[in-house]
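Trainee: Single-letter residue listing:
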Amino acid sequence: MGDSQYSFSLTTFSPSGKLVQIEHALTAVGSGQTSLGIKAANGVVIATEKKLPSILVDETSVQKIQILTPNIGVVYSGMGPDSRVLVRKSRKQAEQYFRLYKEPIPVTQLVRETATVMQEFTQSGGVRPFGVSLLVAGFDDKGPQLYQVDPSGSYFSWKASAMGKNVSNAKTFLEKRYTDDMELDDAVHTAILTLKEGFEGQISSKNIEIGVIGNDKTFKILTPSEIEDYLQEVE
Amino acid sequence: MSRGSGGGYDRHITIFSPEGRLYQVEYAFKAVKAAGITSIGVRGSDSVCVVTQKKVPDKLLDQSSVTHLFPITKYLGLLATGMTADARTLVQQARNEAAEFRHKYGYEMPVDSLARWIADKSQVYTQHAYMRPLGVVAMVLGIDEEKGPQLFKCDPAGHFFGHKATSVGGKEQEAINFLEKKMKNDPAFSFEETVQTAISALQSVLQEDFKASEIEVGVVRKEDRIFKVLTTEEIDEHLTAISERD
Numbered sequence: 001m002g003d004s005q006y007s008f009s010l011t012t013f014s015p016s017g018k019l020v021q022i023e024h025a026l027t028a029v030g031s032g033q034t035s036l037g038i039k040a041a042n043g044v045v046i047a048t049e050k051k052l053p054s055i056l057v058d059e060t061s062v063q064k065i066q067i068l069t070p071n072i073g074v075v076y077s078g079m080g081p082d083s084r085v086l087v088r089k090s091r092k093q094a095e096q097y098f099r100l101y102k103e104p105i106p107v108t109q110l111v112r113e114t115a116t117v118m119q120e121f122t123q124s125g126g127v128r129p130f131g132v133s134l135l136v137a138g139f140d141d142k143g144p145q146l147y148q149v150d151p152s153g154s155y156f157s158w159k160a161s162a163m164g165k166n167v168s169n170a171k172t173f174l175e176k177r178y179t180d181d182m183e184l185d186d187a188v189h190t191a192i193l194t195l196k197e198g199f200e201g202q203i204s205s206k207n208i209e210i211g212v213i214g215n216d217k218t219f220k221i222l223t224p225s226e227i228e229d230y231l232q233e234v235e
Numbered sequence: 001m002s003r004g005s006g007g008g009y010d011r012h013i014t015i016f017s018p019e020g021r022l023y024q025v026e027y028a029f030k031a032v033k034a035a036g037i038t039s040i041g042v043r044g045s046d047s048v049c050v051v052t053q054k055k056v057p058d059k060l061l062d063q064s065s066v067t068h069l070f071p072i073t074k075y076l077g078l079l080a081t082g083m084t085a086d087a088r089t090l091v092q093q094a095r096n097e098a099a100e101f102r103h104k105y106g107y108e109m110p111v112d113s114l115a116r117w118i119a120d121k122s123q124v125y126t127q128h129a130y131m132r133p134l135g136v137v138a139m140v141l142g143i144d145e146e147k148g149p150q151l152f153k154c155d156p157a158g159h160f161f162g163h164k165a166t167s168v169g170g171k172e173q174e175a176i177n178f179l180e181k182k183m184k185n186d187p188a189f190s191f192e193e194t195v196q197t198a199i200s201a202l203q204s205v206l207q208e209d210f211k212a213s214e215i216e217v218g219v220v221r222k223e224d225r226i227f228k229v230l231t232t233e234e235i236d237e238h239l240t241a242i243s244e245r246d
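These protein sequence lines are chains A and B, in that order.
Everything in the first sequence is counted per my numbering, starting at 1 for the first residue and increasing by one.
Everything in the second sequence is counted per my numbering, starting at 1 for the first residue and increasing by one.
Just chain A, with the same shape it has in the complex:
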């Protein structure tokens, strides 16, 4: 990968044994817009802020939450262009799995393959790590699942997690509110309240995005009017 002139890794160990480029990538994620995910007993919800640089931007042209397969969705915090690359690669891997096994790819496998791509960019020649962390939400035979993948390529399954600017406050809030027997609707309300905690300005259906997946195993991105309904329930 890359030109032969750059067939050496740019991510190398520091004397203290750290991979500094990965740490800097995590800093880039930490300055991105807040996103979070919550796993309920009967589904998963992911949500993110959608703050655009100007009112002149057409917000319908921007979608941060993306569908990877009919039953798996993803949201990111960090550098948008990098996330597009990962979404494209993940979708292709999911299709290749289906073509080979004639079965939808299990969530864990897709997460692992995406994480492998991210790890490769921390070791291959002439490339930098991805400046994004991903929250992957899916529902398959093993039930609802939520995974967070970091620029290093490491991934963990979470009951609830947050990433980006307001991560520590958001995580504290989630820890207090999370219960194992939460229903999907409660989880959506909690997600909105968590976003509201660190939100600068007025939260509305135009500056957040929410994606849910329930027992129907179909990942759905909520329309602005559906978000509006939830916002009013939360008020």
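The reader is advised that the hints may include incorrect statements.
[Unchecked claim] Pairs of lysine-lysine residues, derived as DSS-like cross-links and limited to a Cα-Cα distance of at most 30 Å, are as follows: (1) B:K211 / B:K59; (2) B:K147 / A:K51; (3) A:K165 / B:K104; (4) B:K222 / A:K206; (5) B:K30 / A:K51; (6) A:K102 / B:K104; (7) B:K121 / A:K92; (8) A:K51 / B:K184; (9) B:K181 / A:K206; (10) A:K220 / B:K182; (11) A:K206 / B:K147; (12) B:K147 / A:K89; (13) B:K121 / A:K165; (14) A:K102 / A:K220; (15) B:K184 / A:K165; (16) A:K206 / A:K165; (17) B:K182 / A:K206; (18) B:K54 / B:K222; (19) B:K121 / A:K89; (20) B:K104 / A:K92.
No lab work stands behind these hints: they were computed from the structure.
Given chain A, put chain B in place with the hints provided.
Mentor: Frame of chain A, contents of chain B only:
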């Protein structure tokens, strides 16, 4: 006890700085501003218009060869603000990509597909050390069959957004402030209003009145969907209409 910027290369190639920034990408943005030209794009209800300054530095230059406005296909236009050479290579690749798309899929490449392709290519340059980011911000315009008039802006970082109106270049912030006021209540501009808003925005931020030969104007209209560069006579008509209106 970090070793600081990893050997000091974070300013030379696109690797992360300690604050998680990509300095090379930020410098690419500065290169766009340093070109000293401001461009404006406005999307109306049935048309899109882009305007840019035409600065010919030397009287001996052939004026017709100095341009930042390029047709990509019959229906797609691209206004490249920034380094001219980088603009030309981007246009060349975009033309190729659009033609291949038409051949492969049997229908014209939509505006957002081209914008996404340009943005994805730019993202590759921000992640691979062997190529620097291009010092160009591209405004892509066209009429989408389903969504109507579209204006996209693609930058060296790999971002791309659809815009109701936008600006790039030395005076972009002033122009964006001007346009935000004009577009505040989601007006539905006719073709003439679209063109005049774009031109008067440029006049306002640069604080000078133009001659038709000092600006380039590109438009695309719903009725025929063809991307056209306005002639000096057509530009003159709009300039006259603006001065009469004021």
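Trainee: For each hint, tell me whether it holds in the structure or not.
Mentor: We went through each hint and held it up to the structure:
no. : hint            : in the structure
1   : B:K211 / B:K59  : holds, 16 Å
2   : B:K147 / A:K51  : holds, 23 Å
3   : A:K165 / B:K104 : violated, 43 Å
4   : B:K222 / A:K206 : holds, 28 Å
5   : B:K30 / A:K51   : holds, 23 Å
6   : A:K102 / B:K104 : holds, 27 Å
7   : B:K121 / A:K92  : holds, 18 Å
8   : A:K51 / B:K184  : holds, 17 Å
9   : B:K181 / A:K206 : holds, 20 Å
10  : A:K220 / B:K182 : violated, 36 Å
11  : A:K206 / B:K147 : holds, 19 Å
12  : B:K147 / A:K89  : holds, 27 Å
13  : B:K121 / A:K165 : holds, 28 Å
14  : A:K102 / A:K220 : holds, 23 Å
15  : B:K184 / A:K165 : holds, 29 Å
16  : A:K206 / A:K165 : holds, 19 Å
17  : B:K182 / A:K206 : holds, 21 Å
18  : B:K54 / B:K222  : holds, 26 Å
19  : B:K121 / A:K89  : holds, 15 Å
20  : B:K104 / A:K92  : holds, 19 Å
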